[in-house]
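The primary structure of each chain is shown beneath.
Protein chains: 2
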Amino acid sequence: MGRWEPDAAGRFRAAAIELFAEIGYEQTTVAAIAARAGLTARTFFRYFTDKREVLFDGSGRLQQMMVDALAMAPVEHSAMDAVAAALQKAGELFDDARRPFARVRSVVIAANPDLLEREVAKMAALSGSLALSLRARGVREPDASLAAGAGIAVFRVSFAQWVSESERRSYSEIVNESLARLKEITNQ
Amino acid sequence: MGRWEPDAAGRFRAAAIELFAEIGYEQTTVAAIAARAGLTARTFFRYFTDKREVLFDGSGRLQQMMVDALAMAPVEHSAMDAVAAALQKAGELFDDARRPFARVRSVVIAANPDLLEREVAKMAALSGSLALSLRARGVREPDASLAAGAGIAVFRVSFAQWVSESERRSYSEIVNESLARLKEITNQ
Chain A
15 MGRWEPDAAG RFRAAAIELF AEIGYEQTTV AAIAARAGLT ARTFFRYFTD KREVLFDGSG
75 RLQQMMVDAL AMAPVEHSAM DAVAAALQKA GELFDDARRP FARVRSVVIA ANPDLLEREV
135 AKMAALSGSL ALSLRARGVR EPDASLAAGA GIAVFRVSFA QWVSESERRS YSEIVNESLA
195 RLKEITNQ
Chain B
15 MGRWEPDAAG RFRAAAIELF AEIGYEQTTV AAIAARAGLT ARTFFRYFTD KREVLFDGSG
75 RLQQMMVDAL AMAPVEHSAM DAVAAALQKA GELFDDARRP FARVRSVVIA ANPDLLEREV
135 AKMAALSGSL ALSLRARGVR EPDASLAAGA GIAVFRVSFA QWVSESERRS YSEIVNESLA
195 RLKEITNQ
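Respectively, the protein sequence lines represent chains A and B. If you number the first sequence the way the working numbering does, the last residue is 202 and the count never jumps. If you number the second sequence the way the working numbering does, the last residue is 202 and the count never jumps.
Everything labelled a hint here was simulated from the structure, so no lab data went into it. Please note that the accuracy of each hint is not assured.
Unchecked claim - Below are the DSS-like pairs computed for lysine-lysine, each with C-alpha atoms no more than 25 Å apart in a straight line:
| # | chain 1 | residue 1 | chain 2 | residue 2 |
| --- | --- | --- | --- | --- |
| 1 | B | Lys-136 | A | Lys-136 |
| 2 | A | Lys-103 | A | Lys-136 |
| 3 | B | Lys-103 | B | Lys-136 |
| 4 | A | Lys-136 | A | Lys-65 |
| 5 | A | Lys-197 | B | Lys-65 |
| 6 | A | Lys-65 | A | Lys-197 |
As the list claims (entries may be wrong) - Here are the in silico distance ranges between beta carbons for each label pair:
| # | chain 1 | residue 1 | chain 2 | residue 2 | range |
| --- | --- | --- | --- | --- | --- |
| 7 | B | Pro-114 | A | Asp-82 | 25 to 35 Å |
| 8 | A | Arg-66 | B | Pro-88 | 17 to 27 Å |
| 9 | B | Thr-63 | A | Ala-45 | 36 to 46 Å |
| 10 | B | Ala-111 | A | Glu-155 | 39 to 49 Å |
| 11 | B | Val-89 | A | Lys-197 | 32 to 42 Å |
| 12 | B | Val-89 | A | Gln-41 | 27 to 37 Å |
| 13 | B | Glu-179 | A | Met-86 | 14 to 24 Å |
| 14 | A | Asp-128 | B | Thr-63 | 13 to 23 Å |
To be verified - Here chain B is said to cover these stretches of chain A; the calculated rule only asks that three of the stretch's residues, wherever they fall, bring their Cβ under 8 Å from a Cβ of chain B:
| # | region |
| --- | --- |
| 15 | 80–87 |
| 16 | 186–197 |
It should be emphasised that the depicted structure is a prediction, and the values quoted were computed from it without experimental measurement. Virtual Cβ for every residue (Gly too), placed ideally from N, Cα, C.
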């Protein structure tokens, strides 16, 4: 007990999402997650504060990846091109192996107002970080906040589409299409 | 006590915002708001559930006004033009007489994570309502959600600018400029 377990975090994550899908988020206990993962609750708490954190522990990494990609985009990139680079970078987290987890996660969050509020707050924080990073590139306001806000709109729409039931296209393809649609509708 | 008072809601709102500015949101009690308004706490609770509602009771009306304006925009309007009509309609709530209240409200919300989370959730709900109203006009996805999301980005940026310390331009002027900037940056 408490000893190092190979990919314990990944096993807890997989076990939690299975249980959320099978018996519901509210009904799932940390004890049940640990039992399903073949680990102990004590080990669970070395990786996560609570079951909610299983759903949100990727968001810090997502934000860091996007901010870094934005900062490293070629200096001649426009604000929206830099945001597009950040959105594409996020695709490294959203490959096909991850899609089943992301689908269940989305269903669980949509059904729980507290989780939805947290998800929305994370998106607002992400938008703020992207705007800050754009200003560091020399983009002025209101352009920085507008590009960040529009980018988050593209991200939310694309992500929701990527996890939708019958969708087969990659996250990256969907982001490109959403960016093209945004350009089109702002010109009509 | 409990009898009808002319513009009691307005008096409570003015009293609350004065106290929030003077002694802080956390420190302000309903009793103090009522005393400042020259009314009773009992009367306060006929208009508001709690002090927090003083800050958010306008959001339902804002959403209804924007959704109605969107629905009534000329049928030949593009999705973004219909969203622009909704953003401009909201300006009826944001005239210069309202700016001091809106300024204090923004400062109070920015300083309180719970209030900020609620504000962000309201914006997400507003975005969802606008997307729904666009779909009712025949706008397809992802365009409806992208136009709504981009519109909310414009709204947040414009509103923040409108309440900023030294800003003198009207809400309407700022919205028009933000919409023009959005168009510009999505084409670069």
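Query - Violated hints - listed by number, lowest first - result: 5, 6, 7, 8, 10, 11, 12, 13 and 15
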